[in-house]
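Participant: Given next are the chains, with one letter for each unit.
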Amino acid sequence: MKILVFIKQVGDVEARIVLREDKKWINLNEVPMKINENDQFAIEEALRIKEKHGGEVTVATIGGNKATDALRKALALGADKAIHVEDNEWYIRDSYALAKSMEQVVNRIEPDIIVTGSQSSDLGWGTTATILASLLDIPHAWLVIGLQIENGKAFIDREMEAGMIEKSEISLPAVIEVQAGINTPRYASLRGIMQAKKKPIEKISVTIPDNRVEILKIFEPKTTTQVEFLEGDPETVAKTLIEKLRKEERVIE
Amino acid sequence: MKFTGVDFLGLDSEITAEERLIRDSVREFVDREVKPIIEDYHRQGKFPLHLTSKIGELGLFGAPFKEYNLPGLSATAYGLIMQELERGDSGLRSFVSVQSALVMYPLLTFGSKEQKDYWIPKLATGEAIGCFGLTEPGYGSNPGGMLTTARRKGKKWVINGTKQWITNGSIADIAVIWAKTEEGIRGFLVEKGTPGFTTRDQHGKFSLRASITSELSFIDCEVPEENMLPKAKGLKAPLMCLSQARYGIAWGALGAAMECYQVALEYAKTRHQFCNTPIAAHQLVQEKLVWMITEITKGQLLALQLARMKDKGRLAFYHISMGKRNNVWVAREVAKLAREILGANGIVDDYPVIRHMLNIESVYTYEGTHDIHTLIIGEHITGFPAFNPPKESC
Ligand SMILES: Cc1cc2nc3c(=O)[nH]c(=O)nc-3n(C[C@H](O)[C@H](O)[C@H](O)COP(=O)(O)OP(=O)(O)OC[C@H]3O[C@@H](n4cnc5c(N)ncnc54)[C@H](O)[C@@H]3O)c2cc1C
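These protein sequences, in sequence, are chains A and B.
Take the first sequence: its letters are residues 1 to 253, numbered as in this note's numbering.
Take the second sequence: its letters are residues 1 to 394, numbered as in this note's numbering.
Since the hints were derived computationally from the structure, they do not count as laboratory data.
Quick reminder that beta carbons are idealized off the backbone N, C-alpha and C, glycines included.
Incorrect hints may appear among the rest.
Cut-off 20 angstroms, straight-line C-alpha distance, at most; resulting in silico cross-link-like pairs (SDA-like, lysine to any residue) [unchecked claim]:
#1 B:K269 with A:A15
#2 A:K198 with B:K66
#3 B:K35 with A:T184
#4 A:K198 with B:E379
#5 A:K66 with B:R20
#6 B:K269 with B:K336
#7 B:K2 with A:A180
#8 A:K198 with B:G72
#9 B:K269 with A:T223
#10 B:K2 with A:A15
Covered by chain A, per the in silico footprint, the following chain B stretches (three or more residues, Cβ under 8 angstroms) [what the hints assert, rightly or not]:
#11 21 to 27
#12 57 to 64
Kindly generate the complete structure, drawing on both the sequences and the hints.
Facilitator: Here you go:
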């Protein structure tokens, strides 16, 4: 089975966020980079497919120089080869432009299945792989939390609202967009890291269409502190509080 | 707040992409598997034994060695592993240090082919755990005075004596034991369960609680002739092992220091006192933070240079002494300052600082106390050994 994984290198939001001077993007020289969280699960899922059904895992990313770090990590985890779509302006591309680049990678590899994360933690559009599926005119599934492959078909569990799960069957090739938590990603072992040195990273360039979306600015919304005193006996106060947390703040269900 | 390392001078660019990947992989392991549980194990005074097989899968046991298909890492990569593990807990780093530097190293360096064939693969995966018994109740800094003996009896060796403060002692499948024989100090492999060999754990520790420390007792303990390490002759052999472990500590201690610094820095920026200003805005607090990052950075430079010398085969034991002595001292001072900055929060285990601060006391003492390393460097630069008290003649 030919498995293709698309990954994206993103700023590590848990570390620190430093914006660029023009406020249009994070400062890539200051912010530590890592593989997008959902994509880490995608890599793991791809490796598991390979371990079960045999085949080859190719990992691909669109990015500048630093993106090789993400590919090396994926190779260390067990991917067989990597494709680096060189694009120094990857971060200003919209979903459509990215999907167009990805389409060209797909045409080169002709995979049986494409696995990627449901969304990236930086832009969070969650549309790129869906657009890719439509460009390729193949089925896709978003927010996948379970995946089985049998007789050339994919059986998937999808996370739905209100804790419900949808089971469905889709034909391959397909684009499977996984959700964090679908599996437990492995660590890159020392052996894997040493072997990754010998695995190929192919650099390719693609034609990139113009953006249709432009980011004007990124900013932190002004936070205002509002204090509200709840009146009444403890029971009423507790009830109102639960109500507010549920309905207004929506922090509990 | 996620740990992202402390790199004031951009030293990340001095290490290879592969070394960074190794460091980050261990960092991720520590974040996911160690940080969430360590305070609990520390409170209970237990070692998280379930991590052994995972550490084995990662390939961290025996990482610097090449034989038996071991990873053969650069000295820098090995150091970075130690740094990340000790950022988790000094007990965890001790566990890996003992296995790699004090058990696998002597086997690989002084062992017979049979000994290596049998033990190295098991130790590499963590299927077997090892310990290293040199210290005795009466002989710590001066192990050459040891009382433990081994004498020949037919095709066997009979061991008698007591070893104390032995990391992993009671959980070890194999103990590397140093004993006096007619031909000087020699090393022996003693398997768990050998008649005459018993262990007892040290209780009441206030430091390195998430690590097992035991007393080993040998009463007419007989081991087969072939359990002697054939190439280990004299005190130099265990000291060579200690050099390996001490090198790792020079890096490891920085891990503990870096975490204490980062926690203190974050705390200082978010804790407000007097006129609602962050305590980080006060000059006295800044001075502490600046001291911390300066000493950590100097320690990093020292560790990095030791690594380069080690890879070139130019690292001598007195160089390692400077690394162990300085960097553990830095960690000790940094932990203490971080604890101060956290105020009352500095004494509770909601934060990792007090645990690191207590742990470092062990690290300061074992593998040659701070002062013993002073004497080692002192002897090297002056030519005068100052270990023994001055003779009466003057
Ligand atoms: C948690 C822990 C784990 C350990 N694990 C192991 C292990 O796995 N294997 C093992 O073999 N050992 C182990 N040790 C033992 C450790 O190596 C010894 O504690 C250490 O060597 C110091 O010996 P000591 O405690 O007997 O102190 P002592 O040697 O009695 O020293 C006490 C004090 O006197 C000072 N001193 C001693 N001699 C001199 C001198 N000539 N000049 C000036 N000052 C001097 C020392 O610096 C120290 O401050 C461990 C210890 C601890 C605490």
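Participant: All hints are to be evaluated individually against the structure, with a verdict given for each.
Facilitator: How the hints compare with the structure:
| no. | hint | result |
| --- | --- | --- |
| 1 | B:K269 with A:A15 | holds, 15 angstroms |
| 2 | A:K198 with B:K66 | holds, 18 angstroms |
| 3 | B:K35 with A:T184 | holds, 17 angstroms |
| 4 | A:K198 with B:E379 | violated, 47 angstroms |
| 5 | A:K66 with B:R20 | holds, 13 angstroms |
| 6 | B:K269 with B:K336 | holds, 18 angstroms |
| 7 | B:K2 with A:A180 | holds, 19 angstroms |
| 8 | A:K198 with B:G72 | holds, 16 angstroms |
| 9 | B:K269 with A:T223 | holds, 18 angstroms |
| 10 | B:K2 with A:A15 | holds, 6 angstroms |
| 11 | 21 to 27 | holds (count 4) |
| 12 | 57 to 64 | holds (count 5) |
Hint 4 alone, counting from the list given before, is not met by this structure.
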